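*Asks:* Take the given structure of chain A and dock chain B to it, following the hints.
First to last, the protein sequences are chains A and B. Position one of the first sequence corresponds to residue 1 (the working numbering), numbered consecutively onward. Position one of the second sequence corresponds to residue 1 (the working numbering), numbered consecutively onward.
For the record, the hints were derived by calculation from the structure and aren't laboratory data. These figures come from a predicted structure and were not determined experimentally. Each residue gets a CB set at the ideal place from its N, CA and C atoms; glycine is no exception. Mixed in with the good hints there might be a few duds.
The calculated DSS-like cross-link candidates involving lysine-lysine, where the alpha carbons are at most 30 Å apart (straight line), are [what the hints assert, rightly or not]: (1) B:K230 x A:K257; (2) A:K257 x B:K337; (3) B:K174 x A:K212; (4) B:K126 x A:K95; (5) A:K255 x B:K261; (6) A:K190 x B:K63; (7) A:K115 x B:K123; (8) A:K190 x B:K174; (9) B:K126 x A:K212; (10) B:K230 x A:K212; (11) A:K190 x B:K8; (12) B:K123 x A:K212.
Estimated spans, in silico, between C-beta atoms of each pair [unchecked claim]: (13) A:M140 x B:G330: 41 to 47 Å; (14) A:D87 x B:G330: 29 to 35 Å; (15) B:P64 x A:K257: 37 to 43 Å.
Residue strings, one per chain:
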Amino acid sequence: MGSHTTHSACETTTVDLTNVKPYGDTMNDGMMQLSFTLPVPYGEEANEAAKILARKMGLDEPAVVFSKDMVGFTYFVLYGKCQHTVDYSTIKVTKVEVDVMDRLECEKYITENIKRPVVIVGACSGTDAHTVGIDAIMNMKGFHEHFGLERYHGIEAVNMGSQVPNEVLIAKAIEVNADAILVSQIVTQKDVHIANLTNLAELMEAEGIRDKVILICGGPRISHELAQELGYDAGFGAHTYAEDVASFILTEIVKRKMV
Amino acid sequence: MGLLSQLKQKYKTLSIVGMAKNAGKTTALNYLIEEAMDDGVVLGITSTGRDGESCDLVTGTDKPRVFLDTGTIVSVPVKLYDMAEAGLEILCMTNYSTALGQIMLCRVAESGYVQIAGPVNTKDHKKMCGEMLAYGAEIILIDGAVDRKSIAAPDTSDAIILSTGAVLSRSMKKVVEETVHIVGLYQLPELEKGNVRELILAGQKRERIMLIKGERVELLDLKTGLSAGKFLDEAIDEDTEYIYIPGALTSSVISDIHPTKLKQVQFILKDPTKIFIDAMHWQQLRKKGFTAKVLENITVAALTVNPHAPAGYSFEHEALLKAMRSVIDGIPVIDVKLGGGVQ
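Okay, chain A solo, but in the shape it has when bound:
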């Protein structure tokens, strides 16, 4: 990428948070890079198709800077100037609001405030076989140098793994008298995670344990707002570590007088 000077008269060098545009070489140039594949044979027509598509997406001056023959398909890297803007100043995102404690602070919090082991059951429930999320939170070795819940003194973490039917997950939670259930959903094709997550919450209501257990969902397409819609106490998206989840559960246990 080149210098940071302004080339065009209509572009300004300062950020306007009510009209945010992508940044390429200069402020507000709107430059974006896209990569995608079209199911058409490699050639000039393919490049033209990619550019037409980019224009329809609101990108001016689209340029195919790379294309590759994928035998019947063509892969592209394309540059273009985005014409849309975003009013950043009006965006409100609801997030889990909790003072995050690190592992040692969490352990201290348990000894001082809860004074008993905290039981957390986790699983990838339904048809989901992708344990990367739940493992990152629960496994001893953790993720990105953040240890998982199994490492925490005072927390009994039960990781049930993948493809756990909701009924089995609930039966386990009842058996071990869980304080919290963590359910991870990575696969979201055709919104299967929505049906599965609501089914879990509804089964817990039917079993009469919904108000006795802190119910948390997590995954790349999970937000805190969605959690509310589906009947969960909290929802964690990407970039969540064990201490975020633990801090929420522990403070919630004290808040709800579940000690």
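*Replies:* What follows is chain B alone, placed relative to chain A:
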């Protein structure tokens, strides 16, 4: 007299339950809100999920917003308070926390659009409804979320409005079938007064599965029936007449019970929201001689139909209304988009 005024005479809390997401719950809510404005009824409005945002979180499609009249009592979590376009007078801060912050009870001081949310679990909801009535709401409408049916439980509300629509299936026959199944479940016969009912009510607090053999009651040493079919099959002997299940009734609870035993015992459930078996499997069970009763069933006060699906297809308004009315007995069926139409 409008539908709401009729309902108000019989019920204090009404849940709006959806057969599916986008079945038209919020449209039904708005319809009743409009009636309340015309008739001067003071409403209490709350939601098990979230309501009034303009764009659906899951499907990204447009959602109807919720416009509330002056005087309405409404539950609003802290984080949605700022987003309200109506003027809200805060009555109290409750103890119910949600993913969107503590819930506040507010009175609408200046009419306008409001985003609504309520407690995520049904027990808290019931308590909060009591508080809303105390603040002067004449009737409370609880809007459901997604297809969550737990709020239909008689513990939570006096009656429900069931919203169904084209979103369920492209086949109108299927829409009608699925709806009839749920209405049928909700109207399951209640266990008649008498010995067995007394025995169950006496032991109900312990939340254990009960086997009733003549005058004898056997409490199973089982914390849940889920995934415990084999255990239940062993526990049911020749003398067992009734089995009471306090929790959920799913396939895993009954699939391992021997057909002759399934036929021999009468299943008793707390209420119809405990049943998690779809129309087809329910019919198969019935054919095998399975029967169930409930301690308390659900009053379906009205059925609303929405002939449009967000996927883009729709049915003829009149055709869907007619098909539904021909099979649903004694419950008003309304197309809330057409308006009126109360039989």
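*Asks:* Compare the structure with each hint and give your call.
*Replies:* For each hint, the structure was consulted:
1. B:K230 x A:K257: Violated, because 37 Å separates the two Cα atoms, which is more than 30 Å.
2. A:K257 x B:K337: The hint is violated at about 46 Å.
3. B:K174 x A:K212: violated, 37 Å
4. B:K126 x A:K95: holds, 26 Å
5. A:K255 x B:K261: violated, 47 Å
6. A:K190 x B:K63: Holds, at about 19 Å.
7. A:K115 x B:K123: Holds - the C-alpha atoms of K123 (chain B) and K115 (chain A) are around 27 Å apart, at most 30 Å.
8. A:K190 x B:K174: holds, 20 Å
9. B:K126 x A:K212: Holds, at roughly 16 Å.
10. B:K230 x A:K212: holds, 27 Å
11. A:K190 x B:K8: This hinted pair is violated, its Cα atoms lying about 40 Å apart.
12. B:K123 x A:K212: holds, 11 Å
13. A:M140 x B:G330: 41 to 47 Å: violated, 60 Å
14. A:D87 x B:G330: 29 to 35 Å: Violated - the Cβ-Cβ distance for D87 (chain A) and G330 (chain B), about 52 Å, lies outside 29 to 35 Å.
15. B:P64 x A:K257: 37 to 43 Å: holds, 38 Å
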